[in-house]
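**Student:** Listed here are the chains, written in short residue letters.
There are 4 protein chains.
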Amino acid sequence: MSKLTWAMIGGGKGSQIGPTHRISAGLDGHFHLVASALDADPERGKAFAIDLGIAPERAYGSWQEMLEEERDRSDRPDLVTVATPNATHYEITSAFLTAGFDVLCEKPLTMTTQEAERIVAITRETGRVCAVNYGYSGYPLVRQMRAMVAAGDLGRIRLIKAEFAHGFHADAEEADNPRVRWRYDPAQAGVSAVFADAGIHAFHMACFVSGQAPREVSADFASLVGDRQLEDDAMLNIRLDGGALCRLWTSAVAIGRMHGLTLQVFGEKGGLSWQQQHPEQLLFTPLGGRTQILERGDAGLSAEAVRASRIPIGHAEGMPVAFANIYHDLADVLRAKKAGRAPDPLALHYPTAEDGLLSMRAIAAAANSAGSGGRWTDI
Amino acid sequence: MSKLTWAMIGGGKGSQIGPTHRISAGLDGHFHLVASALDADPERGKAFAIDLGIAPERAYGSWQEMLEEERDRSDRPDLVTVATPNATHYEITSAFLTAGFDVLCEKPLTMTTQEAERIVAITRETGRVCAVNYGYSGYPLVRQMRAMVAAGDLGRIRLIKAEFAHGFHADAEEADNPRVRWRYDPAQAGVSAVFADAGIHAFHMACFVSGQAPREVSADFASLVGDRQLEDDAMLNIRLDGGALCRLWTSAVAIGRMHGLTLQVFGEKGGLSWQQQHPEQLLFTPLGGRTQILERGDAGLSAEAVRASRIPIGHAEGMPVAFANIYHDLADVLRAKKAGRAPDPLALHYPTAEDGLLSMRAIAAAANSAGSGGRWTDI
Amino acid sequence: MSKLTWAMIGGGKGSQIGPTHRISAGLDGHFHLVASALDADPERGKAFAIDLGIAPERAYGSWQEMLEEERDRSDRPDLVTVATPNATHYEITSAFLTAGFDVLCEKPLTMTTQEAERIVAITRETGRVCAVNYGYSGYPLVRQMRAMVAAGDLGRIRLIKAEFAHGFHADAEEADNPRVRWRYDPAQAGVSAVFADAGIHAFHMACFVSGQAPREVSADFASLVGDRQLEDDAMLNIRLDGGALCRLWTSAVAIGRMHGLTLQVFGEKGGLSWQQQHPEQLLFTPLGGRTQILERGDAGLSAEAVRASRIPIGHAEGMPVAFANIYHDLADVLRAKKAGRAPDPLALHYPTAEDGLLSMRAIAAAANSAGSGGRWTDI
Amino acid sequence: MSKLTWAMIGGGKGSQIGPTHRISAGLDGHFHLVASALDADPERGKAFAIDLGIAPERAYGSWQEMLEEERDRSDRPDLVTVATPNATHYEITSAFLTAGFDVLCEKPLTMTTQEAERIVAITRETGRVCAVNYGYSGYPLVRQMRAMVAAGDLGRIRLIKAEFAHGFHADAEEADNPRVRWRYDPAQAGVSAVFADAGIHAFHMACFVSGQAPREVSADFASLVGDRQLEDDAMLNIRLDGGALCRLWTSAVAIGRMHGLTLQVFGEKGGLSWQQQHPEQLLFTPLGGRTQILERGDAGLSAEAVRASRIPIGHAEGMPVAFANIYHDLADVLRAKKAGRAPDPLALHYPTAEDGLLSMRAIAAAANSAGSGGRWTDI
Ligand SMILES: NC(=O)c1ccc[n+]([C@@H]2O[C@H](COP(=O)([O-])OP(=O)(O)OC[C@H]3O[C@@H](n4cnc5c(N)ncnc54)[C@H](O)[C@@H]3O)[C@@H](O)[C@H]2O)c1
Ligand SMILES: NC(=O)c1ccc[n+]([C@@H]2O[C@H](COP(=O)([O-])OP(=O)(O)OC[C@H]3O[C@@H](n4cnc5c(N)ncnc54)[C@H](O)[C@@H]3O)[C@@H](O)[C@H]2O)c1
Ligand SMILES: NC(=O)c1ccc[n+]([C@@H]2O[C@H](COP(=O)([O-])OP(=O)(O)OC[C@H]3O[C@@H](n4cnc5c(N)ncnc54)[C@H](O)[C@@H]3O)[C@@H](O)[C@H]2O)c1
Ligand SMILES: NC(=O)c1ccc[n+]([C@@H]2O[C@H](COP(=O)([O-])OP(=O)(O)OC[C@H]3O[C@@H](n4cnc5c(N)ncnc54)[C@H](O)[C@@H]3O)[C@@H](O)[C@H]2O)c1
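Protein chains in written order, with our numbering: chain B, 1 to 379; chain H, 1001 to 1379; chain W, 2001 to 2379; chain E, 3001 to 3379.
Simulated from the structure, these hints should not be mistaken for lab results.
Everything numeric in this text was worked out from a predicted model, so none of it was measured.
Cβ atoms here follow ideal geometry from the backbone N, Cα and C, with glycine treated the same way.
Do not rely on the hints blindly, as some may be mistaken.
Said to hold, decoys possible - Computed cross-link-like contacts, BS3-like style, restricted to lysine-lysine with a CA-CA straight-line distance of at most 25 Å:
#, chain 1, residue 1, chain 2, residue 2
1, W, 2003, H, 1013
2, H, 1003, W, 2338
3, W, 2269, H, 1003
4, B, 3, B, 269
Said to hold, decoys possible - Partial list, derived from the structure: chain E residues whose beta carbon lies under 8 Å from chain W:
#, residue
5, 3172
6, 3253
7, 3255
8, 3291
9, 3334
10, 3336
11, 3338
Claimed, not checked - Residues from chain W that face chain E, not an exhaustive set, calculated with beta carbons under 10 Å:
#, residue
12, 2013
13, 2237
14, 2247
15, 2373
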């Protein structure tokens, strides 16, 4: 099985998420990095690309240059990952999709709902793959949750309790640090800060696991540090189209929480509880029964979870492996396209441009609701 | 030190909370049970009283009878506990206060704000003690939290995350069971079910620990099982008068949660996290520092926590001991009154009628807010 | 149901274990404290007794005086608790048993095997009750473990992993403090320090839960702080008569462990795991199945566990309640004796003089084994 | 930075540990797989090699063939990983070392002490690198423990409590399954089963973290399932040359334990506690102080831990990343050799042939000790 070829935009030396993409894309040997525009600084980007083993002529200084050169190659990359800052996602992603590339874009897909709609439209017209990196949905036990809900193990879903709380923007003295400041500046960050950046993962996970789409939202946004214009803490109530109610808390001022992404799902027949910091265990309580601990790697997990798991039970498989599942799905889909066959249905769990669009709608609606005292607002 | 005398109304044989009161009131040897009207059924109540060692002539069949007989005794009880169903609290408590007894009333203090206001008025006129049993505030590490906040260890409090979620009313088949049904019937339960019954403990704890009073609330109430008229799940945002924001989730449909009372407090300088199911540990994270585990019984805890602790470190002291701290406070206050001295300031942490009134206001405001789409409503 | 009368020797003001006995004996209202010799200092002992509400004429200065006066009273105490330092247990307990009292003695029952044998002989001759306070065996979920083993839920027991590790004697600078020093002085502590003091609880629990008696032991004792003559850390392998192997670690130098009493039991058909610091949960893994969390208070627990439980599920019931179960058992047994009826079979779980004797044999055998390089030694 | 070339022996399709090696070796982009003899079945091995992207002419059917062809190539692999069954390690590893290759061998390095001595001798004569895959020592927080001990943060080490317990060989009905049976057959497994296979990781970790070498051992081996000839549960006491005592439990019958590799280290000034199933947290208790939670990725960790960490705090980095640290160390060492420079001192933490030899000595000594009733035996 020959490798697929891969290009990367953003994720340069010292970037936060770049290394995880490289680990994850390469982890199963599916993707081979052949081209890149890694950095806002062209020279740094080229140098680092060569370090990473990319041929010098495909180590580009900018994504525009890369687009120009790569679009006409017969061996152009099978997948382009966009891991640049948010404000550039729309321009880059839509340009590459239009030029006929398949793209994995970091979240958020765009800055506005309109942009996200246009990207969805492009994918529909062109048939291109556009995925969005809600990578935590790649954890095997998150996929297990989805499978259990889909199989009816919980009955009708009544309630979802989702959280993503950390404390990394709690220091008032750090608030003016440019690395933090832009995140709370509407000019650069849009209408929402911590919900759009962190809480949105919990939002996607709630929809992913329940298999339901969001219908309306009532939100409360708070700016708790200094004179921030955007929220650093938010509470949302979201009504989903299958009847579930989702309560979602997200915060950047929760000192002591590290990466507090958790999901609890309650249905007529049972409850589930999962936390990203201990991703190898899932608690399942059947109505009237005892709580059971499901271990990743257990016999008896769903096909979805088994497919997403690589190493023996009892070990932490970790977040790079979770993200690798997104790449694994994409590899299967891209290979199926090449071969003119249908992809493995289990590969169709990666987040799509439609999911990215739903997120943008939710962000806009939540900001509107929060701005009008929590009024219920359509998504 | 001679014992104080104690009377009990409600808490009969087979009642849920009665045994805990008897364990807790007697635990330090402060109170000696001398009179009672334990049961809705006079004969059962008398028989059980005699089993408990009460003299037959003080084993009453009804609280009215007890009031009549005991009010004129020279050795009348130093404290009367009211542990009957909610709808009777106001009538019983106000009658005993008016007759000159000191009272510990179970929560909720009353069914309406007006009633609670009248009780507060009575205590002001008569100088009687009226406590309300928010017993979880008796846990040593909850008092430690309060002491740390008061000492400024967390700086100004920004955010409080409070929860009380269980799954004991999740079974749709059980919903018509009379033991469950009355709780969701407005005629018997008032304007709120799970918030008034369970979430209110989390509400009291948030106020208690922060030392702040609630100002306004935006609430979302949901009825998730069958056709319940009152909420079995609620989300509240509450603004406190010291600037803190409290987000409070309460649920009766969270299958798998047992007694999920938890409190997280986030300030400018640190965060605290405590859960009732593991009450012996408190997590404290100073801003920029490492999370520390405070053990009940640790050297270096506050005077409040030390006073509330009886057994060596590393053991579960348990909930009956927490409730015993309320009785311990009351014993000190009642003895001080008798002796004409000032009580130990550390004894003044028990919840009062004013706290009971605030709860009633919060319940009314939350129900109003929920009924108007989450509008911010004064408490 | 009239109260039983109770006397206490030791457990004076400021003592470590005295308060727990008073809380636990009184917790269910079974016992009423009527006589005492609480303190090595007669005046302190009398004054504290009066504080506790004992009649002055029964507030004795010494146990000898108490024995003299109480033996001929018609209303002599139904139970005498001995909570003095170890070296006095034998003399006091044998004197009271011989005089016809029923006794609950703190552990260790005696200082030597010979003494323990004599106490067992006395109880056999006189028919007196002599219990030993291995109070942790009173935890509802420990009794649940015993019941599950007895019911065959785990099949034949293969292996028991027991631990009791703390770090309270780890400070070399404190080692000469008299409060610590005597514990490592053979003249005062006998042949073993940390195993006889702490590990012995784990030992009793292993026997109690498995229902098996110890046969032989191979031990390694280590003195890790300063020049202590007795062990502050020990490892034992113990073969039980039903074929189970027990591995037991105990330590007083494990900095960071608080009250690390844990028990894991592994049989042919499943495994159990319990820790004293979170006594409300028991993990059960059936062979080939998922781990289940048993909560104290769960529907479906054994009659033994139900009888030992007083407050609702999800609360920490705590250690005073566990100890109260020993008193609860004794109350039933004493009342049955009085009434000339057979006691409730479920009340026969309290630790007896025979258990105390087995402990003394295990201590002697372990010290011998440790002294001869770990040779397997009969118990 | 061009990639190093890599070859693999064993680890074929469906093997347990093969996939982890491929993920880990490739994870940082250091190694590129160019040659292999992956399987006992030559055809399966070749086919899978081609699937993995190896050139057909370097997809060998046997390691002998590979040795023959590769030894004379100018571009021969920079590193050879041996991941075949234990009994073949000595022959393969010594052959490749002698032929001038650098080797990473799976544990155990050999089947006997004599063989391990010969491998150490070869590495000394030839200057070849020979590493052994005690991969858990690659976890960042394990390296943090070692750094803290080395820095004196715990003072002199007194005691190490090490465990590796699982329950995967507990099923008596499975005991005759050939996949399990060979492990307990002395002809195939040597003198020890569970200690040599699982406990040995805990043993290596104890030595690694303490920086001390083992001196003597007293062991108890037990065969608890069926009529196994080798132990499925073992307890060891080990005296180390720096004065520390290590107590090590290992088991294959502990139903409910998954991958119970844990390490606790107790010194004069503090204690550490780490468990492989939650590898992202390390508990540190300074003498007389509060337990602190160190998170992987925390500011203020040691250079060793920082170097071993790739993704942001709060995520599970996982076991493949831990193993990747062994490859990362080797890559640095191999590159330094090529460049004629000294390697980064932080890269010298990978386990070596000398560590492999120590393990073999410990296994032999433990089996001897266990065979003679636990006699203390030199390692
Ligand atoms: N899915 C997740 O869990 C997750 C986690 C973290 C970040 N992210 C997302 O990843 C994206 C990047 O975040 P980050 O934290 O790594 O940011 P970062 O600032 O650490 O790195 C951004 C990188 O992009 C490069 N870059 C900037 N502009 C560029 C341009 N025009 N062309 C090429 N390269 C350019 C920068 O030089 C830098 O190397 C963001 O959209 C963020 O929301 C997602
Ligand atoms: N603080 C807490 O954590 C907590 C916990 C549980 C219950 N409660 C409160 O305690 C109160 C009692 O709750 P419960 O769960 O024990 O109820 P329950 O129904 O189990 O018991 C109520 C008892 O009161 C008796 N009673 C009823 N009417 C009476 C009357 N007129 N006179 C005398 N006795 C009467 C009943 O016979 C019964 O013995 C409620 O107000 C409840 O909200 C508080
Ligand atoms: N079961 C358990 O878990 C547990 C826990 C702690 C202690 N203990 C046992 O309880 C016993 C007491 O331990 P402690 O830690 O409370 O000791 P302590 O030193 O704190 O208290 C001992 C008490 O006994 C009194 N005393 C001493 N000699 C006396 C005498 N001759 N007559 C009357 N009173 C006398 C002392 O004045 C003091 O009040 C010990 O045997 C100990 O092993 C058991
Ligand atoms: N470091 C660790 O944590 C760890 C974990 C598991 C296994 N291991 C070790 O890894 C080794 C392999 O264990 P496993 O569980 O993966 O075994 P396995 O039986 O699952 O796989 C062994 C592989 O080696 C191949 N093989 C056998 N003989 C061969 C030969 N002569 N030439 C080439 N290939 C051959 C087999 O075909 C198979 O693909 C063992 O030594 C084991 O102790 C280490």
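**Student:** If you test the structure against every hint from before, which numbers come out violated?
**Tutor:** Per hint list: 2, 3, 4, 9, 10, 11, 12 violated.
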